[in-house]
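> As a plain string of letters, each chain reads:
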Amino acid sequence: MTSSTPDALWASRSVRLLRPSAVTCRGLRRRERRSWVLDGVDLDLDVGTRTLLVSEPEGSASALLRILAGLSRPSGGTFRLAGARRADDSAAGWGRRVAYVGPAVAPFPWLSPGEILELTGRLAGIPPAERRRRIPELVTWHRLEAALHRPLRRAGAAVASRTALAAALLTEPEVLLLDDPLGGELPVERSRLLRIPGERRTVVLASHLPGQEAELVSGVVLLRGGRVALHAPIAALAERGLELSMRGISALAEAGAPERDRRPALAVGG
Amino acid sequence: MIQTVVLAGLALRELWFSYRLLATLFVLLLAGAPAAILPHAATASLAGAPPSALTWYAVALGGSLAIVSALTAGAMAGGRRHGWLGWLALRPVPRPRLAIGWFLAWAGVLLVGLAFAALLAWVALSGSSLLLVGPAGFAAAMGAVAALGLMVIGLGLLIGSVLAPIPASLLALLLAGALGLVGFGGWLPANLPLPSGILPLIADLDLATRPVASALPLTGVALAIAAGLLLAAAAVLQRADL
Numbered sequence: 327m328t329s330s331t332p333d334a335l336w337a338s339r340s341v342r343l344l345r346p347s348a349v350t351c352r353g354l355r356r357r358e359r360r361s362w363v364l365d366g367v368d369l370d371l372d373v374g375t376r377t378l379l380v381s382e383p384e385g386s387a388s389a390l391l392r393i394l395a396g397l398s399r400p401s402g403g404t405f406r407l408a409g410a411r412r413a414d415d416s417a418a419g420w421g422r423r424v425a426y427v428g429p430a431v432a433p434f435p436w437l438s439p440g441e442i443l444e445l446t447g448r449l450a451g452i453p454p455a456e457r458r459r460r461i462p463e464l465v466t467w468h469r470l471e472a473a474l475h476r477p478l479r480r481a482g483a484a485v486a487s488r489t490a491l492a493a494a495l496l497t498e499p500e501v502l503l504l505d506d507p508l509g510g511e512l513p514v515e516r517s518r519l520l521r522i523p524g525e526r527r528t529v530v531l532a533s534h535l536p537g538q539e540a541e542l543v544s545g546v547v548l549l550r551g552g553r554v555a556l557h558a559p560i561a562a563l564a565e566r567g568l569e570l571s572m573r574g575i576s577a578l579a580e581a582g583a584p585e586r587d588r589r590p591a592l593a594v595g596g
Numbered sequence: 067m068i069q070t071v072v073l074a075g076l077a078l079r080e081l082w083f084s085y086r087l088l089a090t091l092f093v094l095l096l097a098g099a100p101a102a103i104l105p106h107a108a109t110a111s112l113a114g115a116p117p118s119a120l121t122w123y124a125v126a127l128g129g130s131l132a133i134v135s136a137l138t139a140g141a142m143a144g145g146r147r148h149g150w151l152g153w154l155a156l157r158p159v160p161r162p163r164l165a166i167g168w169f170l171a172w173a174g175v176l177l178v179g180l181a182f183a184a185l186l187a188w189v190a191l192s193g194s195s196l197l198l199v200g201p202a203g204f205a206a207a208m209g210a211v212a213a214l215g216l217m218v219i220g221l222g223l224l225i226g227s228v229l230a231p232i233p234a235s236l237l238a239l240l241l242a243g244a245l246g247l248v249g250f251g252g253w254l255p256a257n258l259p260l261p262s263g264i265l266p267l268i269a270d271l272d273l274a275t276r277p278v279a280s281a282l283p284l285t286g287v288a289l290a291i292a293a294g295l296l297l298a299a300a301a302v303l304q305r306a307d308l
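Quick mapping for you: the protein sequence lines, in order, are chains L and F. Just so we're aligned: the first sequence equals residues 327 to 596 in our numbering. Just so we're aligned: the second sequence equals residues 67 to 308 in our numbering.
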């Protein structure tokens, strides 16, 4: 299996111009509690894009992220993430290239942030020397020093969510799936932490408060009735004098978004 | 291999923090209590006589294994519900390895608990008219009980991979309890090597002539079924929503 976005490929300007897809969904369907939360999602997200994912009803966006993360199985359709068709379980594969932070998963509450980061590194097969270099950086960036050795259940929800984000970034994933992350943080701190570095890192951020994500995303996807009702750049909202809110996004979808600039997606390997 | 060991260690710590480890050891130790407390008179062969201490010991072992199965199912289902197994699956840990890690942790606790229960019974009963078999015969019988325990742990993991915690615990308790009852009931053909058949064998150890030869086939069958249940749990976990 070859990644669609290895460093060597990404270094080539021509490849960047071709806009390889980091996330590709075709006819993705998911049935939950006798209704279709996803009913044929077709979606392409280019490498390096920061996309806000919202949905009506709210559960659809979370369901899509859970499927992309490999936590749930789709009822139908296919998807491809970072060039891989499905989770391969290998330490060097899917788990290091795709990361998920969301309410569907949580580490054991008796683990401390330090133990979680160390455990994540070990299970992902990151060499000890690399772990010793990266973990302190993440601890500092996520301001976990004070609670580093305190169990999560005593450290509080904010530390738990920051630890989850730090653990997700430890493997330097190509695709980062964030389902309403860092809910307990102050907006300023939340914005700082969610400015995820990495030019070729693709971030999909599901949020029920789109307004607070304005500085973090470049595009928006609206799922309505389980399908993609809108996929547009954030700038399209401003062009029509709409604000980044559910109302504004819905209005843009109803008005008809500008045709998204589509160029052939590069599919390598898989 | 290292990943499996790490997972088994995590599962053990979870058992410790959730008090399931202590509960399991307590229940298994309690199973040895009838052998130590009740009078050591061989009365089973007399019509209308109360069951002997050995019979109560076998009954307590069956009951404790049913409880262990329920605890296993509850722990597995709880791990899924709280998102702990999902978090590990994203690390990335192959899902079948999660089932193996949890199985190893439970197996370790079970073996320690049963070893204490067996030691208690042996110390209490050796030399009495109830226990005429030697250490090898008694160890073979307890080995078969341990294999039966591994089987009910596999059953618990399988049920816990499918159902929510409370239904999973209740169903595991019911099925493992029914298994023990079937073993005692003697409703099945005598030549059918049902793993829970070890329980009546223990109850009749004072009459047993070849305990090792009787226990070994039951051990083999129980281990084979335990392996099958573990594989089934791994396969179910592979497809489950975490």
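These aren't lab readings, by the way, just hints derived from the structure by calculation. Note that the coordinates shown come from a computational prediction; the quantities given were computed from them, not determined experimentally. For glycine and all other residues, C-beta sits at the position ideal for the given N, C-alpha and C. Among the clues, some could well be false.
What the simulated footprint calls covered on chain L by chain F, stretch by stretch (three residues with Cβ under 8 Å from a Cβ of chain F suffice, anywhere in the stretch; the number is not a length) [what the hints assert, rightly or not]:
| # | region |
| --- | --- |
| 1 | 390–403 |
| 2 | 446–452 |
| 3 | 503–517 |
> All hints, please: hold or fail.
Tested hints:
1. Counting residues of the region 390–403 of chain L whose CB lies closer than 8 Å to any CB of chain F gives 6, so the stated coverage by that chain holds, three being the minimum.
2. Coverage of the region 446–452 of chain L by chain F holds [criterion: at least 3 residues with CB-CB distance below 8 Å; count 4].
3. With 0 residues carrying a beta carbon less than 8 Å from a beta carbon of chain F, the region 503–517 of chain L misses the three-residue requirement, and the given coverage is violated.
Violated hints amount to a single one, hint 3; each of the other numbered hints is respected by the structure.
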